[in-house]
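Following the hints, position chain A against chain U.
2 protein chains.
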Amino acid sequence: MRKPVLLTPGPTQVPEEVLASASLPIMHHRTPQFEAIFEEAAENLKYIFQTENPVIMLTSSGTGALESSVINLCSPGDKVIAVNGGKFGERWIELCQTYNLDLVEITIPWHRTVKPEEIEKALQENPDAKVVFTTLSETSSGGVTDIEGIAKITRSSSAILVVDAVSGLGVTPLYTDKWGVDVVVSGSQKGFMLPPGLAFITMNEKARKAMETSTLPKYYFDLKKAYKNAEKNTTPWTPAISIIVQLNIALRMMKEEGIEAIYARHHQLSEAIRQGVKALGLTLYNEDTGDCCIAVNIPKGVDGGKFVKLARDKYQVTFAGGQGSLKGNIFRISAMGNVGPNDVILGLAAIERVLADLGYSFEKGKGIAAAIDYLAK
Amino acid sequence: MRKPVLLTPGPTQVPEEVLASASLPIMHHRTPQFEAIFEEAAENLKYIFQTENPVIMLTSSGTGALESSVINLCSPGDKVIAVNGGKFGERWIELCQTYNLDLVEITIPWHRTVKPEEIEKALQENPDAKVVFTTLSETSSGGVTDIEGIAKITRSSSAILVVDAVSGLGVTPLYTDKWGVDVVVSGSQKGFMLPPGLAFITMNEKARKAMETSTLPKYYFDLKKAYKNAEKNTTPWTPAISIIVQLNIALRMMKEEGIEAIYARHHQLSEAIRQGVKALGLTLYNEDTGDCCIAVNIPKGVDGGKFVKLARDKYQVTFAGGQGSLKGNIFRISAMGNVGPNDVILGLAAIERVLADLGYSFEKGKGIAAAIDYLAK
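Those protein sequence lines, which keep their order, are chains U and A. Position 335 of the first sequence, counted from 1, bears residue number 335 in my numbering, the numbering being contiguous throughout. Position 141 of the second sequence, counted from 1, bears residue number 141 in my numbering, the numbering being contiguous throughout.
Each hint should be verified, as a subset may be incorrect.
[What the hints assert, rightly or not] Pairs of lysine-lysine, PhoX-like flavour, derived with a Cα cap of 20 Å:
#1 K152(U) / K130(U)
#2 K209(A) / K224(A)
#3 K87(U) / K225(A)
#4 K46(U) / K232(U)
#5 K232(U) / K309(A)
#6 K232(U) / K327(A)
#7 K87(U) / K218(A)
[Said to hold, decoys possible] Short, incomplete list of chain U residues facing chain A, as computed with Cβ under 7 Å:
#8 A22
#9 L95
#10 Y220
#11 T318
FYI, nobody ran anything at the bench for these hints, they're computed from the structure. We put the beta carbon where it would ideally sit given N, CA and C, even for glycine.
Next comes chain U alone, as it looks inside the complex:
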């Protein structure tokens, strides 16, 4: 009787109400029936994005929406700043290189995130930079960037701040309008508790002005077309109808819980995980660890290559391993989305069981107990 638990930083577990709604007969997208669902979802997306501006839905993975921000804001040769502090920062770099932008790369070691001062310095040295590309939650390393601090700087500059919040939106605070973030990109399979296949992007007026003059070629990801269609509660191309139906259910659940309560829950569960792993003598990889994805160092003497596989195949709990140079050196656990205290307990139980299997010496039950103690407060 397997009861798998998914504690990866995306895809995240999908609530049963949301799963069930995918079993309803498919509806045609050019009907008032679907348009009503689209309209409600679009409205509730604004709440989760904490913005008054429209949120565009794209049928793609998050990477497609990242690309859409580049090709809709920039023109060939534009100077841009991009932060590279992990796998997803690398993606910004690759995107800017693909489109022959004049790239100023801020390289950050993976074990921390970029500081507002570093953005400030780059902007002082490059006052003609048109866009600053950043990452809210760097899933590969577990770091959460100080977007509020960065937005304070970009707000008083001519540069547009683009935040990859594929991981982190609806998880950790991101007050788009209040902080003055110009562009926020996200995806369906993390905080939104949905299957992957939908991505989102919102832009403020500053960004939409830049969009008007951008000359990079685009068609499927042409946001001008998407904005025009969104006004009529539709999309230029056939959207992922079944996932939008699911999105609408998930957004109702999120709205009912309330955005502050969502942030608080993620903080509480993430802190319980941190207390649990620390009680086992483990250490965190990232000095800017946040509440999206917790990267834990594999202790000395433990075979990191076996860790994730054992947890998944023997104990039915799926974590993520390390990527790139971190392969075998960390494992990543996340309480993003549809995760509750019982999932955290099972996560820590699996960690303890695997550590025991791999010959790590620790006091059994101590990790679970620390998490439960914290949750009891």
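Okay, now just chain A, sitting in the frame of chain U:
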């Protein structure tokens, strides 16, 4: 007690087994469990595409895959030929213009499809054309193009034949390898009986060679990356996991039915529809009408603007209306995908009921009877 019937040319009805599979817990895509599903689906896709070459899965609507063919085959300034004979032909034109290709446009009236001789002439006049972009089933008009005849010509030329088979694949014959079609593009929400959100593309060696030298910028739709990942049963970006799980179920069903039986079923049901509407005195819009989407002229005196709405809202049967200049002049009915004889009967019943409501004079029951008679043969 509404029992809606969807007879639009996409999205098409999803079988209950396939709908139900979307309710299973989401699985992580970087696991042997998901890779096994991916591998089986990729293998069975080849069967439906009638090719020995790999079929790439993209998380996007069909239009994304169309764009992927343009940006992965071409370089700026390349001469290409594109056929514009409807809404989806227009899409090729727009794509080629977006990427500043040297476009030779073959404009065809919407009520027929392009003839092989017209492609032959264009290729003779433009022997340096690198690609010929065509459409198998032009959903906007109901025409099905003679791809076999066109492939006979392109096969002996240096030009690459790209077929938009978003509509038509797994519905009407398209023998990719046997006919020598170089590139075939499709989408999930028509013949594959799935929700929209996945698209597919296959290329033969001739096309893949062109891909090696293409310099148009691409990232999300970079097929070289996709091919490299597909070898390891994965995708460069998080795929639409739940739709791939559904795809695997749908493909098993299609394989069990057999591709020839699938073609025969679509022909039989489409012919029953044609017999039915003709018995009511209606006429078909397209002289090259095929078995994908049947465009029927709205008879004189009948308010075409009301036709689709009435059928859907009063009689629970969804057809598609006309697009562009055909708005109000035709309605479109399709037996694509998960459609059986009872759906056709309900479709004809709805047509009769709406025609009666809109004051068209005909012998009631005659359309249904003609379809049933044909099906009895």
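Against the structure, the hints come out as follows:
Our distance criterion of 20 Å between C-alpha atoms is met by K152(U) and K130(U), whose separation comes to about 16 Å. Proximity of K209(A) to K224(A) is assessed by CA-CA distance (about 11 Å); at most 20 Å being required, the pair is judged to hold. Note on K87(U) and K225(A): the hinted pairing holds, with a Cα-Cα distance of about 16 Å set against a maximum of 20 Å. Between K46(U) and K232(U) the alpha-carbon distance is near 16 Å, which keeps this suggested pair within the 20 Å criterion.
A threshold of 20 Å between alpha carbons decides the hint, and for K232(U) with K309(A) the separation of about 18 Å falls inside it, so the pair holds. Restraint check for K232(U) and K327(A): the C-alpha separation of about 18 Å stays at or below 20 Å, so the hint holds. A hinted pair counts as satisfied when its Cα atoms are at most 20 Å apart, and K87(U) with K218(A) qualifies at roughly 19 Å. Residue-level restraint check for A22(U) holds (minimum Cβ-Cβ distance to chain A is 4 Å; threshold 7 Å).
Taking 7 Å as the C-beta cut-off, the interface hint given for L95(U) holds, the closest approach to chain A being about 5 Å. A hinted interface residue such as Y220(U) counts as satisfied when its beta carbon comes closer than 7 Å to some beta carbon of chain A; here the least separation is about 4 Å, so the hint holds. Interface hint status for T318(U): upheld, as the beta-carbon distance to the closest one in chain A is roughly 5 Å, under 7 Å.
When the structure is compared with the earlier hints, no violation turns up for any of them.
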